[in-house]
Amino acid sequence: MYLAAILIYLFALLAVGAWLARRVKDSKSFLVADRALPWYVSTGTIVATFMGAGSLIGAAGLAYKVGLSAMWMDIGGILAIVALAFIAGRIRRFEGLTTPEILGVRFNEPTRLVAALIIIAAETAIVGYQIRAGAYVLKLVAGVESGTGMIITAAFIIGYTMFAGMLSVAYTDLI
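In this note's numbering, the protein residues as written are 1 to 175.
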């Protein structure tokens, strides 16, 4: 029963990505959704990104182990969202597509390169634990072996992202 619900959800994510794919015209559409996401979709994707597997599974486990002091784990993300609110307008007006690009223009090329390497490392870790969390859920709900669960989770994440890039990610985050 639970596995059926999860599979319906996962295939719905793919369907949303496929449906949104018709709106992707070029790399700007794919990478930054033409800078045209409605405020509620932008807010939804930021909240979903912040409240992902790390917060729901990792922070909950940490709070169980160490108590209220685990709250400090999420303070950085909250402060980042507040800071982003103050600079979002300037970032939106900038025509760059990536954070390293913005930093490279503001500072210099070595800064852009370091920022790119940091983001690659961070995003690899984030996607890795999202895949691991998906596998964990599949194991709890359906007894799916961890390796198989990671493959299934990765396939769906890659699938809906491949269809429409940021549009897929933002709208599936909203869902």
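Hints are computed from structural coordinates only; laboratory data are not their basis. A portion of the hints provided could be inaccurate.
Claimed, not checked - Pairwise CB distance ranges (calculated):
(1) A59 with K25: 21 to 27 Å
(2) L113 with M71: 30 to 36 Å
(3) M162 with V66: 19 to 25 Å
(4) R22 with E101: 42 to 48 Å
(5) A125 with A60: 14 to 20 Å
(6) K139 with Y64: 14 to 20 Å
(7) S27 with A60: 35 to 41 Å
(8) R90 with L7: 41 to 47 Å
(9) K139 with E109: 41 to 47 Å
(10) E109 with M71: 35 to 41 Å
(11) K139 with K25: 35 to 41 Å
(12) G76 with A142: 19 to 25 Å
(13) Y40 with A15: 30 to 36 Å
(14) R90 with I151: 38 to 44 Å
Glycine is no exception: its CB is placed at the ideal position from the N, C-alpha and C atoms.
How the hints compare with the structure:
1. A59 with K25: 21 to 27 Å: For A59 and K25 the Cβ distance comes to about 39 Å; the hint is violated.
2. L113 with M71: 30 to 36 Å: Roughly 35 Å apart at Cβ, these two residues keep to the hinted range, so it holds.
3. M162 with V66: 19 to 25 Å: With a Cβ separation near 39 Å, M162 and V66 fall outside 19 to 25 Å, so the hint is violated.
4. R22 with E101: 42 to 48 Å: violated, 27 Å
5. A125 with A60: 14 to 20 Å: Check passed, 19 Å falls within 14 to 20 Å.
6. K139 with Y64: 14 to 20 Å: Roughly 19 Å apart at Cβ, these two residues keep to the hinted range, so it holds.
7. S27 with A60: 35 to 41 Å: holds, 38 Å
8. R90 with L7: 41 to 47 Å: holds, 43 Å
9. K139 with E109: 41 to 47 Å: Roughly 45 Å apart at Cβ, these two residues keep to the hinted range, so it holds.
10. E109 with M71: 35 to 41 Å: holds, 39 Å
11. K139 with K25: 35 to 41 Å: With a Cβ separation near 40 Å, K139 and K25 satisfy 35 to 41 Å, so the hint holds.
12. G76 with A142: 19 to 25 Å: violated, 34 Å
13. Y40 with A15: 30 to 36 Å: Because 21 Å falls outside the window, the suggested range is violated.
14. R90 with I151: 38 to 44 Å: holds, 41 Å
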